[in-house]
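> Listed below, chain by chain, are the residues.
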Amino acid sequence: MADLKQRIAKRCAKEFKDGDFINLGIGLPTMVADYLPEDIMVTCHSENGFAGIDTVADASNLDVDIINSGGTYVTAVPRAKFFDTAESFGLVRGGHVRATVLGAMEVAENGDLANWIVPGKKVAGMGGAMDLCAGCPEVIIVMLHTQKGNHKILKKCTLPLTAEKCVSKIITEMGVMEVREDGIWVVELHPDYTKEDIQAATGCELHFDPDMKAMEEE
Amino acid sequence: MADLKQRIAKRCAKEFKDGDFINLGIGLPTMVADYLPEDIMVTCHSENGFAGIDTVADASNLDVDIINSGGTYVTAVPRAKFFDTAESFGLVRGGHVRATVLGAMEVAENGDLANWIVPGKKVAGMGGAMDLCAGCPEVIIVMLHTQKGNHKILKKCTLPLTAEKCVSKIITEMGVMEVREDGIWVVELHPDYTKEDIQAATGCELHFDPDMKAMEEE
Amino acid sequence: MINKIMTADEAVAGVKDGMTIMVGGFLATGSPEVLMDALVRKGVKHLTVIANDGGLDAGQPAGEFAGKTARGVGKLLENHMVDHLIASHIGVNPKINEQIAEGTLKYTLVPQGTLAEKIRAAAYGLGGVLTPTGVATPMETEPDELGRTKKVMEIEGKKYLFEMPLYADYAFIRPTVADKFGNFYCAKATKNFNYVMAGAAKHTVIAPEKIVEIGEIDPDYFAVAGVLVESIAEGEKRWQI
Amino acid sequence: MINKIMTADEAVAGVKDGMTIMVGGFLATGSPEVLMDALVRKGVKHLTVIANDGGLDAGQPAGEFAGKTARGVGKLLENHMVDHLIASHIGVNPKINEQIAEGTLKYTLVPQGTLAEKIRAAAYGLGGVLTPTGVATPMETEPDELGRTKKVMEIEGKKYLFEMPLYADYAFIRPTVADKFGNFYCAKATKNFNYVMAGAAKHTVIAPEKIVEIGEIDPDYFAVAGVLVESIAEGEKRWQI
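Chains as they are written, first to last, in my numbering: chain A, 2 to 219; chain B, 2 to 219; chain C, -17 to 223; chain D, -17 to 223.
Isolated chain A, as found in the complex:
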């Protein structure tokens, strides 16, 4: 499983280019930072207060004034810009954070996303997730393709939405999918799986791009 998650994180890291300003959610999305190419400069948004997260702090560099949105003490890159919540989400809503990478409970074939609440369970709150999904030009979902065998990519979400028609790309251990006007298109398929495998693991009809490639690990 750890290997599969690393595969997903590594592949996701290839989505970014020099100068990008992006937001990485908590969990698997955070792992993406470890695989960003060293020859490009990507600035990571910490929605609680700055542009330019570096890494988790240790005793040698810990500053109690710098946490990430999960409450962990982190460090900031030298070019970091600190800001308040209004500015932070102004950048998000204004489309200046080019992409957000998030996990999902459910994604629908039209790009609807549900990843913040399960009715009847304890409520955590959306934090900044709704703003990120409504504001970022690209919402990239990274997740294991299914949850204990259950479909997560669906014809229609059953859970309350985080935002409608927001997901642009889905990266799982099985492949890379783009959400287009007419549905979900597989653009890369991992060599471990067949078209039939990925379709069987998906709750809506998949389209296979004529130029579909193999999902490469490195």
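Please note that a few of the clues may not be correct.
[Claimed, not checked] The calculated lysine to any residue pairs, modelled on SDA-like cross-linking and capped at a C-alpha distance of 25 Å, are:
#: 1; chain 1: D; residue 1: K24; chain 2: D; residue 2: D151
#: 2; chain 1: C; residue 1: K50; chain 2: A; residue 2: S61
#: 3; chain 1: C; residue 1: K219; chain 2: A; residue 2: G71
#: 4; chain 1: B; residue 1: K15; chain 2: C; residue 2: E212
#: 5; chain 1: C; residue 1: K219; chain 2: C; residue 2: I(-13)
#: 6; chain 1: C; residue 1: K162; chain 2: C; residue 2: V194
#: 7; chain 1: D; residue 1: K(-14); chain 2: A; residue 2: S61
#: 8; chain 1: D; residue 1: K132; chain 2: B; residue 2: E165
#: 9; chain 1: C; residue 1: K141; chain 2: D; residue 2: V134
#: 10; chain 1: A; residue 1: K149; chain 2: A; residue 2: M32
#: 11; chain 1: D; residue 1: K140; chain 2: B; residue 2: E182
#: 12; chain 1: D; residue 1: K(-14); chain 2: A; residue 2: P79
#: 13; chain 1: C; residue 1: K141; chain 2: D; residue 2: Q42
#: 14; chain 1: D; residue 1: K192; chain 2: D; residue 2: T30
#: 15; chain 1: D; residue 1: K219; chain 2: C; residue 2: D202
#: 16; chain 1: C; residue 1: K140; chain 2: D; residue 2: V134
#: 17; chain 1: C; residue 1: K219; chain 2: D; residue 2: D200
#: 18; chain 1: C; residue 1: K88; chain 2: A; residue 2: G71
#: 19; chain 1: B; residue 1: K11; chain 2: C; residue 2: M(-17)
#: 20; chain 1: D; residue 1: K88; chain 2: B; residue 2: P161
#: 21; chain 1: B; residue 1: K18; chain 2: C; residue 2: K162
#: 22; chain 1: B; residue 1: K170; chain 2: B; residue 2: Y194
#: 23; chain 1: B; residue 1: K123; chain 2: D; residue 2: Q42
Bear in mind the hints are in silico, worked out from the structure with no lab data behind them.
With chain A held as given, fit chains B, C and D onto it using these hints.
Then chains B, C and D, alone, in the frame of chain A:
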């Protein structure tokens, strides 16, 4: 005339108390600053960019980064806070600038104010005047009671408005008037004038407060 | 001349049962601890609290670094002083879901960016906020913090939620540095809600880590104008882990 | 790694006839002169300019201190490069009323605070602005900068004008200090429109008085994030009177 304007400015200066944050318009309103009591601290808003105008700059203290809203180089008090236009007018709209002192072309008995445009003449623009009149809890008009013998305090404004029902007080060489729900009430009358004089110089019916006092010069 | 500097107890003296207060901080980083302590000492009840979250509970880690006591809004929750929490995230402090389950705490969720703009709209005299955030989600269908139905407006072909301004009786804010007039800034990631809350409440109270003389530091450091600040409480310390 | 630093001519190379540009400054204080000069050299025409005002004309005093050349937006007006000026004040630079009278310049007046919020709404993805400013004035009845009729909304018993966001192709901004990534601030009263304009245009170009290395100054000085800045033009000088 200069004496009359000084009289108005001196009287207006008595409107303010320790800790007030106010805005003084260009011209006669600016003169009010010269008469503010020295034992109270009043902070003056310069809508182009700071709270805490001090005085006109000279060669010894001129900083090209500090102008007032008229484009004059000025100095700032040590407690000055500089801000951008969004913050400046956020303070105004939010009611945090307790009072603005402005001149007027026309004031109506319901508090309507016209002081920014004369149709057919060269257009200057409202600058920040509409924001100030709509946002400040108190709009105090300082002006000569009439313009070349013509009434300026009217039943209804004939010129396009700056803001409706915004004026709370009018200070002229003849007296001090409050705009109340039921019209304009004279609360101070200058000893040089009678009730009949001030009524004759006014284009709407004046009410005389039972506790009306003499408008004192000092 | 007005003196704004006082003790934390003096600064919260006007807070009454049932009032609405805003508290700066994000998982307690940037929260005014001396003011929370003073509120606990005062023992006010039935507060409506507007904050990003519910702070931290005693013994709960902020990341990997444990605190011994509750922090920020967590102090008010621990002492059952809150009736209604208006926040973007309520999942970290376990007291929140406990008190919801007990039926003693009501909550209203607001997306983080929307929460900031609603507060800013109150501080800056705007009639409301038009945000794309929350369209087609429960934010659109559920009533707002005062039980009002929300409107959706279509503007140039895109849908926006119309959200109302959010006001309070008191705003409790933690600057890193303030001068004696109340001009202040918050260092690094402690800014969060501490800037927009100034001016959105009838009374703005700050508890700076450091109080400097007027004119002592470059005014271009300051983010918020002292004219908005009514009281400056002494005694706030840098957080020790 | 991306290098944002270039000459002013390179920074304005993408500006085309008929584009909409935003220019920071208040009566030219805080205006990016090297970028205005570069636009004049490039000779683009039919611009729509969004600015507080029309800058200054040659020989015209800023207060009592005369400038020998036109300043800020005044340079564009002097060279007849502007078709439409969207501003809060057009009374200072005489070229404006001259060109209006000649029929070569169109203008739209927007109250200063509303202008700032309309620009901020564009930069920050809001659907519009609800402001009490301008209610019952010609602002309510006259069409906006794109000829659209304005709406009045009554919210909790008070009237607000609904104003649309204001976008541009380019924003030209003058920081006092920027680092090489583009993080910047404007000293004292030069901030004016220079902060909100960053991000409201497709391309944000800054011309700082001073360019420092990344990490050279305390990041808490910076007001605007370098992520919004596409180009940093060299050569801007402190204004000499």
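> For every hint, state whether the structure bears it out.
Evaluated hints:
Restraint check for K24/D and D151/D: satisfied, since their Cα atoms lie roughly 16 Å apart, inside the 25 Å limit. Proposed proximity of K50/C and S61/A is supported: the alpha carbons are some 22 Å apart, at most 25 Å. Our distance criterion of 25 Å between C-alpha atoms is met by K219/C and G71/A, whose separation comes to about 23 Å. Restraint check for K15/B and E212/C: the C-alpha separation of about 23 Å stays at or below 25 Å, so the hint holds.
With a C-alpha separation of about 16 Å, the suggested pairing of K219/C with I(-13)/C holds against the 25 Å cut-off. Between K162/C and V194/C, the direct Cα distance comes to roughly 6 Å. Compliance with the 25 Å bound is thereby established for this hinted pair. At roughly 33 Å between alpha-carbon atoms, K(-14)/D and S61/A are farther apart than 25 Å, so this suggested pair is violated. Taking the CA atoms of K132/D and E165/B, the gap is near 18 Å; set against the 25 Å cutoff, the hint holds.
A hinted pair counts as satisfied when its Cα atoms are at most 25 Å apart, and K141/C with V134/D qualifies at roughly 19 Å. This hinted pair checks out: K149/A and M32/A have alpha carbons roughly 22 Å apart, not beyond 25 Å. Restraint check: the Cα-Cα separation between K140/D and E182/B comes to about 17 Å, which is no more than 25 Å; the hinted pair holds. Straight-line distance between C-alpha atoms of K(-14)/D and P79/A comes to about 17 Å, which keeps the hinted pair within the 25 Å bound.
Among the hinted pairs, K141/C with Q42/D is inconsistent with the structure: their alpha-carbon atoms are about 47 Å apart, more than 25 Å. Between K192/D and T30/D the alpha-carbon distance is near 29 Å, which puts this suggested pair outside the 25 Å criterion. About 19 Å separates the Cα atoms of K219/D and D202/C, which keeps this hinted pair within 25 Å; it holds. About 20 Å separates the Cα atoms of K140/C and V134/D, which keeps this hinted pair within 25 Å; it holds.
Distance restraint check for K219/C and D200/D: the Cα-Cα separation of roughly 21 Å lies within the 25 Å cut-off, and the hinted pair is therefore satisfied. For the hint pairing K88/C with G71/A, the CA-to-CA distance comes to about 24 Å; that is within 25 Å, so the pair holds. Between K11/B and M(-17)/C the CA atoms are separated by roughly 21 Å; this keeps the pair inside 25 Å, and the hint holds. Restraint check for K88/D and P161/B: the C-alpha separation of about 20 Å stays at or below 25 Å, so the hint holds.
Simply put, K18/B and K162/C have alpha-carbon atoms about 19 Å apart, close enough for the 25 Å limit, and the pair holds. For the suggested pair K170/B and Y194/B, the alpha carbons sit about 19 Å apart, so the restraint of at most 25 Å is met. With a C-alpha separation of about 18 Å, the suggested pair K123/B and Q42/D falls inside the 25 Å cut-off, and the hint holds.
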